[in-house]
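**Q** Chains A and B, in that order, give the protein sequences.
The numbering of the first sequence is this note's numbering, which starts it at 1139 and goes up by one.
The numbering of the second sequence is this note's numbering, which starts it at 17 and goes up by one.
No lab work stands behind these hints, which were simulated from the structure alone.
Keep in mind it's a predicted model, so treat the numbers as computed, not measured.
Heads up, some of the hints might be wrong.
[What the hints assert, rightly or not] Lysine-lysine pairs mimicking DSS-like chemistry, simulated, CA-CA at most 25 Å apart:
| no. | chain 1 | residue 1 | chain 2 | residue 2 |
| --- | --- | --- | --- | --- |
| 1 | A | LYS1152 | B | LYS315 |
| 2 | B | LYS315 | A | LYS1141 |
| 3 | B | LYS216 | A | LYS1140 |
| 4 | A | LYS1174 | B | LYS315 |
| 5 | B | LYS226 | B | LYS250 |
| 6 | B | LYS469 | A | LYS1174 |
| 7 | A | LYS1152 | B | LYS226 |
| 8 | B | LYS226 | A | LYS1174 |
| 9 | A | LYS1140 | B | LYS315 |
| 10 | A | LYS1140 | B | LYS226 |
| 11 | B | LYS226 | B | LYS45 |
| 12 | B | LYS471 | A | LYS1174 |
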Amino acid sequence: MKKVQTTMAGNVWKIQVSVGDEVKMGDEVVILESMKMEIPISAEEEGIVDEIIVEEGTFVNEEDVLLTLK
Amino acid sequence: MILNRSWEERVNTIEKGGPDKYHEANEAKGKLFVRNRLALLFDHGEWREDGKFANGDAEGLPADGVITAIGKIQGKTACVMANDSTVKAGSWGAKTVEKIIRIQETAEKLKVPLFYLVDSAGARITDQIEMFPGRRGAGKIFYNQVKLSGMIPQICLLFGPSAAGGAYIPAFCDVVMMVDGNASMYLGSPRMAEMVIGEKVSLEEMGGAKMHCSISGCGDVLVKSEEEAIEQAKKYISYFPSNFEQKTDNQDSREPMVLEKSLSDLIPENQNAPFDMHQFIKGLIDENSFFEMKALFAKELITGFARIDGKPVGIIANQPKQKGGVLFHDSADKAARFITLCDAYHIPLLFLADVPGFMIGTRVEKAGIIRHGAKMISAMSEATVPKISVVVRKAYGAGLYAMAGPAFEPDCCIALPSAQIAVMGPEAAVNAVYANKIQSLPEEERPAFIQEKRKEYQENIDIYRLASELIVDAIVPADELREELVNRFDMYGSKKQIFSDGKHPVYPV
């Protein structure tokens, strides 16, 4: 299973994709807010969004899974 | 029988290396024979070799598995040691170790760079008493590496394994090029890991080139082929003098690459939005002159060599596109190492700050972010080469300190007109100072209050006010920054400074 993980701790600010969306490698899928900065999180491989695990506003730690791809 | 063989016969045998099957195995992995590697590395494929007949009396150990040579690389004298993996997997016997020690001694006497072309399975256990524990055993190789560090450039090209003790050769070099798929570093092989600690893991996952270049930080440059590794090593050395007593070579000045956006347009108005610092660097430096170190490791901080007006500089730049440009334990570690490298060889430093501060939270505290941050600040303080600090967009908290802020004796601290310098950004500061007051207000009045306080705060940290207080030395528009740097680096060239009369700082490593 392919997954998109966070690069650092922060709050989920915006989720940019919905279940069923096709994403390419390097596409921004989520933006975190951390250290007062916008932290874009990109997909590291291509796929179709299978499940979105987090909600906007939730705290995530480094390496937490944000969503899965198929 | 052996005694009757002619010189020619003997040389031919030695120059063939080990048995054919090992040559074939190497070829299948895209690995070149060691003598072909040297032919690519040395100018005109020419070198002088010592100890070619080492262990010549023994069967099957041509040159005892290592070539030690001296020749010209890019027109300058350099020493090389190169393992021959067709001879007992490049393992080290007593003569192998003695040859390596001697080429190190030669490089020290001549004060010339030393290249290590590593492809070795480690010690020959059968020879351990002769090659492992003694005064001129393998330990001496590492002792010499440490002693030579900062005196002559030591460059490692990792073409195959560097196992167990051998893994310290790359670790003590200034830079490590790793060939993807073939290079590896590890203390215990996967087989040993399974036997001793019960872990099942592949070599690639535990000690492969990609892992070391992106996660452990042991590798600096990940390359696709041996040819590319050699090419990159030549490019790398072009930024360096032959030894610490010499100065770097200048090349002809080139204009920067023409970018789609001007440097001032590249920086977003919104302080919190990301932009690509790589683009900003491109707009400042001579076209195609960037040589990035640890590009895949701790990407939130960019480190690399470049030329400005033909002269080498070392750039340390926050990358807002990655993790907001926040400094982490790994990025601080990366910076400390790079700064030390530049300082040892008279390469001036350019800091490009756009940093919200050091990361906070449980994870990073447990990882020792304070001591890693201290290590960066220590290395930066101690560096006596010309240092220019540029606040590109913001420098908050200890981020200002780590990026060679005014207290750390940069030769100048320049700010762009839109730059902000503060203990923390306006949002965080207003929340910190007025938390109680905000809570006590009716909800509908809060946004206006916060807005007003932020505005006051902004005015308080206005960059012209900081210039008026002599905190920053100059305010320079982004589009005029290159010219400013060209002139200032030129004038700071005569700087000569001794940091302290003490023996050395007690490094917070």
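**Q** Of the hints stated earlier, which fail here?
**A** 7 and 8
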